[in-house]
Amino acid sequence: MGPLIAYEIITENTNLFFAFLIGIGFGFVLERAGFSSSRKLVGVFYGYDTVVLKVFFTAGITAMLGLLFFSLFGWIDHDLIYINPTYLYSTIVGGMIMGTGFIIGGYCPGTSICAASIGKIDAMFFVLGIFIGVNIFNETYPLWENFYKAKFLGAPKLSEFLGISDGIMALLFVGMAMFAFWLGEIFEKIKKPVIY
Amino acid sequence: MKPRILLAIFTIPLALIIAAVPENTTHAFKLTASQLLEEANSGVQYYSPDEIADMIINKDPSLQLIDVRNADEFEKFNLPGAMNIPLADILSKDWQGYLDQDGRINIFYSNGTLKSDKAWMITRQLGYENNYVLLGGLNYWVETIMNPSAPKNTSPNEEFAKYDFRKGAGKALGGSAGAVGESTTSTKLPMPMIKSKPKKKRVQGGC
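Which chain is which? The protein sequence lines are U and S, in order. The numbering of the first sequence is numbering that gives the first Met the number 0, which starts it at 0 and goes up by one. The numbering of the second sequence is numbering that gives the first Met the number 0, which starts it at 0 and goes up by one.
If we strip away everything but chain S, and leave its shape as in the complex, we get:
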């Protein structure tokens, strides 16, 4: 058999297959559905209000709060230093630099955890790291930090220590006296360190 015919026997069917299948647009770094389910169920995405309050008070530079509610709700009330990325805009290119980075800890929050969990799942599915969720959302935040309830007299000492911390934190963050609802003006923060992306490399070559 002529080499030409042999070559045709191999390449033409392969070319027919490649012409018939759709182009692959998936990227290798994405999580599979089962990996995502496992992470979501284990609750690794949650930061407790106490941890966040501590970080805010200590002015932790790595903390970046992200409010995923819409702009109106953000205007009415937000946490100190938070920026607003409404859930609907989360895939916008403008925000990619903030979400896909490895310089800061991003904490999504909403009223409950529904929207913030959605935001986390979307970013996680895209393969972004360092994004987390405020446990219980703003409702739980108000309940625990802004208006902490005193533990029973019979509670263990840890509960009292926690209560004392919350009371102090609530005062420092403008809560406790029922001042929920006041809006802190948040300035737009500089873009965090951009994650190093795979780059194209120039190659040399020829016949």
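With the rest of the complex left out, here is chain U:
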């Protein structure tokens, strides 16, 4: 039955419409959960507020369990799900740049849009920075191209890499999430609470 676009149950335009509705919902929930505050967001790096870790890890394990159960019931064909290909070096460097930008700017790309939309000036500058960065990357792309495409690994899954089933991997991942949440709460207790 699924994925819906691959089986042409819905068209790409309908898909964009659904994406628009889901996007609005996502933005609304992010804002209501306090993700438009850069102090709350960067709290995860200083250890006084680990809500970012909790939210995104929870989203991850929910989607993961959902996909696995849907596949079990025959509702979705995992072979038809597009997985972003991995270019190892650019993933590592890109992750570092993204993390640095997150700490300095106080937002990640999605939450910056969210905060800019409720009128936060720092977030507007952050969004401007994203556009400048994207343009610099585009203009100088020939310089980076070889590095960007180095160490191509295809679209590997962690479970395939470790040689275990998707289900066992999911269990390990859920265990990891629970451990991270517990660790996060310990840090929150040690650190002085920050008022914002």
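Hints were generated in silico from the structure; no laboratory data involved. Any given hint could turn out to be false.
To be verified - Away from chain U, derived, C-beta distances all over 12 Å, residues of chain S:
id: 1; residue: Ile-17
id: 2; residue: Glu-37
id: 3; residue: Asn-40
id: 4; residue: Asp-49
id: 5; residue: Glu-72
id: 6; residue: Asp-93
id: 7; residue: Asp-99
id: 8; residue: Arg-103
id: 9; residue: Asp-163
Said to hold, decoys possible - Calculated from the model, a selection of chain U residues having no Cβ within reach of chain S, i.e. all distances over 12 Å:
id: 10; residue: Ile-23
id: 11; residue: Leu-87
id: 12; residue: Ile-91
id: 13; residue: Phe-124
id: 14; residue: Ala-149
What the hints assert, rightly or not - Example chain S residues on the side facing chain U (calculated, C-beta under 7 Å, incomplete):
id: 15; residue: Arg-3
id: 16; residue: Ala-14
id: 17; residue: Ala-18
id: 18; residue: Ala-171
Here a beta-carbon is modelled for each residue, glycine too, at the ideal position from N, C-alpha and C.
Got chain U sorted already, so can you dock chain S onto it with the hints?
Chain S alone, transformed into the frame defined by chain U:
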């Protein structure tokens, strides 16, 4: 209760279940056993020798005869324009493009209908369409098209019309004079139009 504990209560049992069950490898488009039985019993897979003879003579471009006997038998005798896919190789990736398509009418044939029916059931179970079976197989083909027997004088006119058609068809297809056994060299046909498959679509997204 802390949200963390609540989350653990829900997700850990679910993760345990998913870790314990085997991965689902079934695909949604397959027929169920009862659907297949119903189709097989209704005989929708059969094309009569007369229909096939007519299509061959009229050089119907949509017709694709597929001989599911082994290569030796195929060499000895085959129908004009037939290609050879031995039943044992039917699941091979090389043939998938010929079997899973929507451009042609594939007709499986063997000596009887046993092998061709098996081929049809396998392809049908895989969800492929446009595959059919020659009714009665080559034995019945030889009996009806190559060496048709004249109907009794008292038979209705339709029987005579059918006999005349068969006699003509048999001649056109090199039968009638008992020339069964001569082999027509069949050329390997180009791969038919590939059926449109669900495709992966690239998505954009991030935090």
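Taking 12 Å as the cut and beta carbons as the points, is Asn-40(S) off the interface with chain U? holds, 26 Å
Claimed clearance of chain S by Phe-124(U), with the beta carbon kept past 12 Å: Phe-124(U) clear of chain S: closest Cβ-Cβ about 19 Å, beyond 12 Å.
Given hint Arg-3(S) near chain U, where the shortest CB pair must fall under 7 Å: Since chain U brings a Cβ to about 5 Å from Arg-3(S), closer than 7 Å, the hint holds.
Beyond 12 Å from every Cβ of chain S: is that where the Cβ of Ile-91(U) lies? holds, 17 Å
Distal placement of Asp-163(S) relative to chain U, Cβ over 12 Å: Consistent with the label, Asp-163(S) stays out of reach of chain U, its closest Cβ about 48 Å off (over 12 Å).
Given Ala-18(S) as an interface hint, is the shortest Cβ-Cβ distance to chain U below 7 Å? holds, 4 Å
Just double-check Glu-37(S) for me: nearest Cβ-Cβ distance to chain U has to come out over 12 Å. holds, 21 Å
May I ask you to check that Asp-49(S) keeps its beta-carbon over 12 Å from the closest beta-carbon of chain U? Asp-49(S) clear of chain U: closest Cβ-Cβ about 38 Å, beyond 12 Å.
Cβ separation check - Asp-99(S) to all of chain U, threshold 12 Å: holds, 16 Å
When you look at the beta carbon of Asp-93(S), is every beta carbon of chain U farther off than 12 Å? holds, 20 Å
Per the CB criterion, is Ala-14(S) less than 7 Å away from chain U? holds, 4 Å
Hold the hint about Ala-171(S) up to the distance rule: shortest CB distance to chain U must be less than 7 Å. violated, 44 Å
The structure shown violates the earlier hints numbered 1, 18.
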